[in-house]
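Heads up: the sequence lines are chains P and C, in that order. Everything in the first sequence is counted per the numbering used here, starting at 1 for the first residue and increasing by one. Everything in the second sequence is counted per the numbering used here, starting at 1 for the first residue and increasing by one.
What the hints contain is simulated information worked out from the structure, not anything from laboratory work. Careful, some of the hints might be misleading.
[As the list claims (entries may be wrong)] From the structure, some residues in chain P lie toward chain C, with a derived Cβ separation under 8 Å:
| hint | residue |
| --- | --- |
| 1 | Leu4 |
| 2 | Pro7 |
| 3 | Ala25 |
| 4 | Thr31 |
| 5 | Lys48 |
| 6 | Trp52 |
| 7 | Asn54 |
| 8 | Trp55 |
| 9 | Leu57 |
| 10 | Thr327 |
[Stated by the list, open to error] Computed far set for chain P versus chain C, every beta-carbon distance over 10 Å:
| hint | residue |
| --- | --- |
| 11 | Thr250 |
| 12 | Val258 |
| 13 | Val347 |
Just so you know, even glycine gets a beta-carbon here, dropped at the ideal spot from N, CA and C.
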Amino acid sequence: MAALIEPDLEFKRAILGLDAPDLTACYQCGTCSAVCPLSTPDNPFPRKEMAWVNWGLKERVLSNASIWLCHQCAECSAYCPRGAGPASVMAALRDFSVRHYAAPAFMGRALGAPRHLLLLFGAPVVLLLLLLAGLGHLDGLPAGRIVFAKFIPDGWVEVIYSLAVGLALAAAAWSGLRYLNAMQQAGQGRVGAAELAGAVVATLRAIFSQRNFKDCTRKRPGLRKTYREHAHRAHLALFYGFLGLVITTTSVAVGMYVFDYQEPWPLWHPVKILGNASGAVLIAGLAVFSWRRAADAARAGKSTYTDWLLLTVLALTALTGFACEATRLAGLRQVAYPTYFVHLVLVFFLLVYFPYTKFSHVVYRSAAMLYSAAIAARLPAARAAQAGLPAADAARSLPAA
Amino acid sequence: MAGKLGVYLCAGCGIGEALDLGQLAKTAEGAGASVRRSHAFCLEDAALIRADVEGGTVNGAVIAACSPRVNRDVFRFPEAVVERVNLREQVVWSHPPGAGETQSMAGDLLAMGLACAARAEAPKARAQAAERNVLVVGAGMAGVSAALSAARSGLAVTLVEREERLGGYAARLYRQFGEVASFAGAEMPAIEEKSAALAALANVTVHLRSRVVEIAGEPGRFKVRIAAADGTEREAIAGAIVLATGWRPLETAKYARYGLGSAPDVVTSLELEEMARHGTIVRPSDGRPAGRVAFVLCDGHEDDAHLPYGGSVASLVALKQALYVRLLNPHATAFIFYGDLQTPGRYEYFYESVQADPGVMLCQGASVAVKRREDGALVVAAEGTPLGPSVELPVDLVVLSAGMVPELGAAEPALNLRYLQGKGVPVSKFGFAESNFICFPYESRRSGIYAAGAVRQAMDLAAAERDGRAAALKAIQAIERSATGEALHPRSGDLSFPGFFLQKCTSCGRCTQECPFGALELNERKNPVLNVNRCRRCGICMGACPVQIISFSNYSVDMLSAMIRAVEIPEAPADPPPRILVFACENDAYPALDMAGLRRLHWSAALRIIPVRCLGSVNSILVTDAVSRGFDGVALLGCRPGEDYQCHFIQGSELLGTRMVNMRETLGRLMLEPERVSVLEVAISDFDKLPAMLEEFVDTVQQLGPNPMKGF
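Looking at chain P on its own, in the form it has when it is part of the complex (with noise of 0.2 Å):
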């Protein structure tokens, strides 16, 4: 059965638009499918991404695993001989399908330009007014000891906060859904409730080994220079003080609300130990990948709008969330409170926001590791061993197959 193509200019000029300018120069020789250490016979990218994005077959790319599963180590583009840059094109193409598949899809857009950063800065400063206001403190800070509880009450913050992140995380799961369906759909075909159930296990490993990022760098085809040879251990301080730093959070509401342990605790306490240390090992990734970012803009591959916007609120909300605790106890009052709360506009934006912006690659680049896993671990053995695995390790090693 002859597939119907559909050519979208306009999605080629978008993507052409989002810093991926070379892709016309591709001819479709494969060499970059050749060096991609993620890659595999069954599921051979970027190459054929090339050629889609070439022709605006815009609903076939955006529901394609593969674009997820690239970790942009960018042999890709070290070794392209025409210089199209397919790395830039798979950013560029997982940058738009974030606002292609962000509901309500006006949040996509807004995440998506820097003309909306005001608007998306000012909801939660004012939220953070009208409560302030509400509960009387807007005339001035709290006096005494620096309690943050005393300034914004633990309690109205975990409510309100909850409620939109709670409303974010559906958002991002609807997102999810729609990127998995979408999946389904198109060529690799369905995978059953069961399948994708079955292949939890072996994704989660994947994701907490970072075991893709770690093959980007190791499984390297030659010697020629990528830019991105930091990315595997920048990346797992990122995903490892991220993860500390939600334990910590998560510790923290659980010591107050059921054993009644009042902030603030301790520096030696070792959940306090575990937040400081994570916010530390967070910000050094960060600086890793702001440094290189900058350093090797020309070679590596020009970086976005929404890169940067990632990377920036990460960092600022981090860096507040030590100078809280720093001005704090210093007692420095007339900077803490303050601080405190630019450090919570700064939470919002990260975690309310984040079906929208870069971070949501914690969906759909999992919804798409899961999928693939489920793909491939119907792989006959024979199969599984032409794409480098050993048969019964074929379901675990998936997001690389």
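Start from chain P and add chain C according to the hints.
Frame of chain P, contents of chain C only:
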């Protein structure tokens, strides 16, 4: 006949150390020749030879030194017969020094040289004034370019064009692809200015709506009759001819599978060119602008419309026309379906420039079809593409690549030659005017007639323009050579030509048929008549003649036979060393032997090598002579025949192949094994393999044992 022979024995380049030159001098003196010796005749001692020749003491100089392929100018003495005995490359550099067999080889070669020189005469040119007028047939890009080039070089030009205007297909183009740096985008074709420049030249006569009805004669003086559409006829004399009749599109029927002719919105690239020239690209069915235009290259291997020689033109035209679609309507999209997109050399930049337009989309497909959907939409269906194994694309217009078929006249040959061998120029299997593609691309097999442009090879405008200029230069050269009686290449400058001892002619006509260049006509008595300026001096007629009446003053069956007889055949009672005669083509095989010698590769000292102008010039009787004389075997070293022939005279090695059948029969009658005679194919680059090839033949012959005819 050179009665006064002088032998010049050179001791340089290792010859003196490897050979006993005293003994060779004795051989020469024994044959009645004067002998001079030097350590380097190629230096100031060349004056010794000159003095002997100019002083009249020597009229046949046998120079026993280096290969005849080197120091040609040093040893050029037009007044005398010059015979070069190749002691350096083919004796001392390729055989062990001081060995008895090496010495006897040198002795034989010297004796062969003496035998040949004694029977040769220095050639005297048959020169006749040549007409300095070039006839150009066809006024497309190649023809106009050739006419301009010849006219600007000071020659008179007669330009004949079938249509009513100059320019051919070039004048029907909307744009041509980028020819100047940066080779991007499309440009105005340069034909208009060239045509205008041509019209302004006083020494150019243009005959429009005319055709050539007859060409007779030979280079330097072709008689041409030109008929205009109104029936009037003119006569002209041309020194040389440029054939630039271009191409015609492949017939519509070949595109039936794409619906050309039945579906109105399926057109050829020529029709699209026409639309673009009128400013809009529309669907012929309803006149609406075509928003989605698909170009199909028709280059699948099973495709009726696929021309195996199509090369890059179809690819470049599709890319160019995709630009038209985008230039004339920025909202339109162009799609190119190809099997093999070829954009060689600098055209890569053109390709890149087209590719950079997002509205031009390219897709390789193993097989491409055009269909009509139930709702009437035109659909391009492609299999095996990077977009998917099977895809369908609805489009407004399909453009098929018009295949370029060489236009040599369908009913009436374009040139109407009054030649015994036929009215047209011989063509290759694809219908192109045939030439030795590697060495002489513009040559046709009719001397003085040069093919340029798409009639020679499918090509683009820039190539046709270059072709026209190049063919004009060859035409001018042909005229100059005709005036002095010199041969065209590959024997450039040769003054010798075949003579016919007609009293013994049996009027079999074989020479007239086997001449690859149609140089011979028959007179009323069915005797051959030579058109000397058509002749390339290959000697194929001499090899063909069953009664051996064809000779050159310095190359004949008699001379070759004398050389064979000059070889001393050892007849020791038991186990004499073998002797094997080798006829080596001077164009490829002989230079390959020299190159092997230059690299000090050794081969059997049993071989006695005679250079020949072409294997086709070897008369069968010479092989009989050799075996009767006692040679144990005969090897014929020449070029590859057949479709990818390398023969410089096109058919020489092929004709030899047919003669070999007769030669083997002769051997059978003599109760000899046919394996004693063998043709070995050698390319000039095979010098490294050559010694082993020869060794293998020597082994084969030795296994057969000595020739039983020895001593008779």
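Q | Hint validity - Leu57(P) Cβ closer than 8 Å to any chain C Cβ | A | Given a least distance of 7 Å, the restraint on Leu57(P) holds.
Q) Can we keep the Leu4(P) interface hint, with Cβ of chain C closer than 8 Å? A) Given a least distance of 5 Å, the restraint on Leu4(P) holds.
(Q) Holds or violated: the hint that Lys48(P) contacts chain C, with Cβ atoms closer than 8 Å. (A) holds (6 Å)
Q) Does the interface hint hold: is Trp55(P) within less than 8 Å of chain C, judged Cβ to Cβ? A) holds (5 Å)
Q: With a cut-off of 8 Å on the beta carbons, see whether Asn54(P) makes it to chain C.
A: Holds - the Cβ of Asn54(P) comes within 8 Å of chain C, reaching about 6 Å at its closest.
(Q) So, as I understand it, the hint says Pro7(P) touches chain C; can you test that by seeing if any CB pair is closer than 8 Å? (A) The hint holds - Pro7(P) has a Cβ within 8 Å of chain C, the shortest such distance being about 6 Å.
Q: Run the C-beta distances from Thr250(P) to all of chain C and say if the shortest one exceeds 10 Å.
A: holds (47 Å)
(Q) If we take the beta carbon of Val258(P), is the closest beta carbon in chain C still more than 10 Å away? (A) holds (56 Å)
Q.
Can you verify the interface hint for Trp52(P): is its Cβ closer than 8 Å to any Cβ in chain C?
A. holds (7 Å)
Q.
A closest beta-carbon separation below 8 Å is what the hint needs, so does Ala25(P) meet it against chain C?
A. holds (6 Å)
Q. Does Thr31(P) pass the interface check with chain C, least Cβ-Cβ distance below 8 Å?
A. This interface hint is violated because 13 Å lies over the 8 Å limit.
Q | Status of Val347(P), Cβ more than 10 Å from any chain C Cβ | A | Answer for Val347(P): holds, closest chain C Cβ roughly 41 Å.
In this structure, the earlier hints numbered 4, 10 are contradicted, and the remaining ones agree with it.
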